[in-house]
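Chains as they are written, first to last, in the numbering used here: chain A, 783 to 1092; chain B, 6 to 462.
In short, the hints are calculated from the structure, not lab data.
Ideal Cβ placement from N, Cα and C applies to all residues, glycine included.
Treat each hint with caution, since some may be false.
[Said to hold, decoys possible] Listed next, with one range per pair, are the computed distances between beta-carbon atoms:
#1 B:Ala80 / A:Leu850: 52 to 58 Å
#2 B:Ala453 / A:Leu850: 18 to 24 Å
#3 B:Ser293 / A:Ile1005: 52 to 58 Å
#4 B:Phe322 / A:Leu824: 55 to 61 Å
[What the hints assert, rightly or not] Reference excerpt, derived from the structure (chain A facing chain B, CB under 10 Å, subset only):
#5 Tyr924
#6 Leu927
#7 Asp1028
#8 Leu1035
[Stated by the list, open to error] Covered, in the sense of this in silico footprint (three residues per stretch, anywhere, with C-beta under 8 Å from a C-beta of chain A), are these stretches of chain B:
#9 418-424
#10 427-437
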Amino acid sequence: MAATMSAPVARERSAFGYKIKGQLGSIGFVVPAFLVYAVFVLWPFLNTIYLSFTDWDGAEQTKNWVGLENYRDMLDDSAVWGALKHNIIWIVLGTFVPIFISLVLATVVWSKVKGTTFFRVVYFMPVVLAPTVVGVVWRWIYHPLFGPINKVLDAIGLDSISRGWLGDPDTALYAILFAAIWAYFGFAFVILTAALGNIDDSLIEAATLDGANAVQRFFHVIIPQLAPVLTMLTAFTLINGFNVFDIVWAMTLSAPTPDTEVLATYVYETAFNQSKVGYGSAVTMLITVLSLVASFLVIYLRERDSEVAS
Amino acid sequence: MKRVRRVVVSAAVLALIASACGGDDGDSSEAGGESTESSAAGSEEGGEEASGDKVEILFWDQFADANDAMEAVIADFEAANPNIDVTRESYTLETMTPVLRTALDSGQGPDLAYFNLGPADAGVLANAGLIQPLDDAYAQYGWDDRIYSWTKARSTYDGQVYGVGNELEFLGVYYNTALFEENGWAVPTSWEDFLSLCGTISDSGTGIFPTAFSNGPGWPVFHQFSMMMNNQFGRDGVAELISGDTAWDNPDTVASIQRFFVDANEAGCFPPEVNALAYEDGNALLRSGEAAMLPTGTWQIGEFSDPEQTDQTFEMFFLPPVGGGEPVVPGGLGSGWIVSSSTEHPDEVMQFIDFLISEEMGPRWITEFSRIPAYAVDTAGIDTTELNKFAIDIVTGQADTMGYNIDVLTPAGFNAVLQDGLGAVIGGSKSPEDLASELQDAMDEAVAAGEVIDITP
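Chain A with its partners taken away, still in its complex shape (with noise of 0.2 Å):
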């Protein structure tokens, strides 16, 4: 009877003996990746959380910890507001319209149109190039005495159109969105090509046998085979918008705006140029917060649609 009774102990402690020890090797991988990130992520980050309470100026031996002073300037602070402002139409515009021009460019390429290579390699070049070349290649394109955009305007009689584009107001954010779009829908093409590349055909035969026109096939077939891909994408650029940095302060030559500030930037000439590192850090926060919050919110909702359409 004890022999009996033992030998099934003795297997499930051998088995969980055994999945643990089998871990082991996974562990002792995984270990020293969680270090770095530890060291390069989340010690910054918990740094940064501390700072925001203290009026460091980055140079100081002592921190001073002032509370919830930040913060409370913070909301009594224009330039952040205006900041805040800038990215909410940089996520709106810089996150809808690369998605909608590379789905739309992806689906006629995935439909074996002719030099579907080249496409893909052209559309996705921008891509590779950094975010200050960007900057510098744009800021001539649109300088506004020797750029080719004032130069067709002007030669096709459309002089009163021509402008400072960096140097208005009313044009400069828009201006730098637009270089910072065409820097970036060549990734999203890419993946929405690879996206497409995992469609059920089956589906879209039967949707055209049951008499579904292209559009509709686009709209009922495809696009929800493509949501998580979508959601992915969305909320991925959406961190983007709010990180917002390298490509407005290239075209800006390191001193943007108030029509062209975003955050990120403010953040760096509060911190670095005013010596205030402690409301920076505020500032920071304030992105983070925006950041988790919006991300949160597009993939609950994809989740919940998803939820409701099973």
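Chain B: place on chain A using the hints.
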């Protein structure tokens, strides 16, 4: 066997990670800096003594535009001081500003740096105790008798001097002498003449822009603002404004802003879309003869005197006041030398500074670096451009009576309001009255935060 293999691989991975995270490898290169080894003695981070009691000091500068000249200076110093090796890294001001603060704070920064001596730059480092006072060095090396006394005052914080000024600059208007002569244009002697000249040039049919003023990066407006304000308030009046003793929101401030940033714009003085033009674009317009004048500072003398960059000839006049009379030339101290608090070789660093501001170096700063040193230099016998000689003579003759470069002395937050505000005035979205009011608010905030320095005599 599988288990053994797993253990061996895990151990190997951990060993690789441990070796990659190993201690300092002695590389003295900093991100954003161009490291130059000036001697054959190796490149260990500053402070370590090599064999033969050699001392190595790490030096950060901003002389990328005169790279060969600075290397030659260092070579001469090392030849005269064989026990000292200088390792040099060159930065732009924009990259040095955030990096220097962090580097000094970590104790890994340079022993000596060439940096802006104003309150928003060296002043921050001084208040944080990251750079050391130089009063003793001034006394020991007799620098008080060498450099202009007002430059020492400009780098004094809490009663102690923290920098040695090296580069003087003032503001004026470059003009193309050939264009003026060919077209019969005269150098204006009053503000009204200046506006009239702009109209004349605009209407001349030559296609030449009256000025090459460009405000893409935002900060060029500081210079024109300083010119107008110094002419309006005079040297002492500007000192009182900067020190917070006089309100900024007064009719004279409004008038100064109105004259240059509205009236001059409407008179056709500016190229089109001036807020979209990079500073380099404006310089290029002047160099190429497509613009007749450019109000900016003496730091451009090198570029406008270089036959490899321009075939035009330029001289300089000072923006005249309303109604004529003697203009008040805004001048100031550019960058200078600061010393890390944690340097292990202060004596050697001071020796290097002493060499850099020596009498022998004076002509070299002018001819090789196109910079005006912070001490008197006899230009007779120096082979340099007429513009350089003009600048030296002005500084030598007016060093103690010049006006002020306002943005060098006002707090960073105030400057941010000024920069954005003047750009908006140019663009027509803000009135001079509103800007003057915002400047006063910014000054009030800076006073409350203890960021304002008192420069009144």
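Taking the hints in turn, this is what the structure says about them:
no., hint, in the structure
1, B:Ala80 / A:Leu850: 52 to 58 Å, "56 Å, holds"
2, B:Ala453 / A:Leu850: 18 to 24 Å, "19 Å, holds"
3, B:Ser293 / A:Ile1005: 52 to 58 Å, "55 Å, holds"
4, B:Phe322 / A:Leu824: 55 to 61 Å, "60 Å, holds"
5, Tyr924, "7 Å, holds"
6, Leu927, "7 Å, holds"
7, Asp1028, "14 Å, violated"
8, Leu1035, "4 Å, holds"
9, 418-424, "holds (count 3)"
10, 427-437, "holds (count 4)"
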